[in-house]
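**Student:** According to my numbering, the sequence shown is numbered sequentially starting from 1.
Calculated from the structure, these hints are not laboratory results. Here the structure is a predicted model, which means the values were calculated and not measured. Be aware that one or more of the hints could be misleading.
Unchecked claim - Computed cross-link-like contacts, DSSO-like style, restricted to lysine-lysine with a CA-CA straight-line distance of at most 30 Å:
1. K54 x K120
2. K54 x K117
3. K122 x K54
4. K113 x K54
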Amino acid sequence: MNMTHYMELLATNQPWNLLIFMAIPVILAETLTATEFFVTFRRLYDGPLRQFNKVVGIVLGFYFLGIFLYLITMVVPNIVWRGYSDILAVGFYLSGVIFLFGIALLELGVIAKNAEKEAKMKLHFLLLIGFLVVAHIAMIFGMLNPSLF
1 MNMTHYMELL
11 ATNQPWNLLI
21 FMAIPVILAE
31 TLTATEFFVT
41 FRRLYDGPLR
51 QFNKVVGIVL
61 GFYFLGIFLY
71 LITMVVPNIV
81 WRGYSDILAV
91 GFYLSGVIFL
101 FGIALLELGV
111 IAKNAEKEAK
121 MKLHFLLLIG
131 FLVVAHIAMI
141 FGMLNPSLF
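Given these sequences and hints, build the entire structure.
**Tutor:** The following block contains the structure:
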């Protein structure tokens, strides 16, 4: 069966690529999502859970920036595209950096530093949702046989 570059990347160099490009970002994103619910719904502006949420957001943002920079410089320039599903899978995966690095910048006070706490919390939640959406779209198109499109 033909596979997209997204799936080929995860299948190559087992188990390292799967850990580096999927497991670590997904575990961090799920941790961030789980803590985000408590932080948002309880309006936690400080405290240990909020601090943990902040650290996870910063680590995930910079980790994914590293993945993005590696892939965009070392992998993407050498790709011979296998169809639209391939382009969509890789494109949506890479677009996750917008949301995750945005969270890191928000947590570090680089963006929205003068916004009220409630507005920052809303932006944080929206950035996380944005990442979850593009990551799932990448997974869906990444699992398709590229010859279907």
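**Student:** It remains to establish, for every hint, whether it holds in the given structure.
**Tutor:** Hint check:
Annotation: proposed proximity of K54 to K120 holds, straight-line Cα distance about 12 Å (limit 30 Å). A distance of roughly 13 Å separates the Cα atoms of K54 and K117; the hinted pair therefore holds under the 30 Å criterion. For the hint linking K122 to K54, the alpha-carbon distance of about 14 Å falls within 30 Å, and the restraint holds. Between K113 and K54 the CA atoms are separated by roughly 15 Å; this keeps the pair inside 30 Å, and the hint holds.
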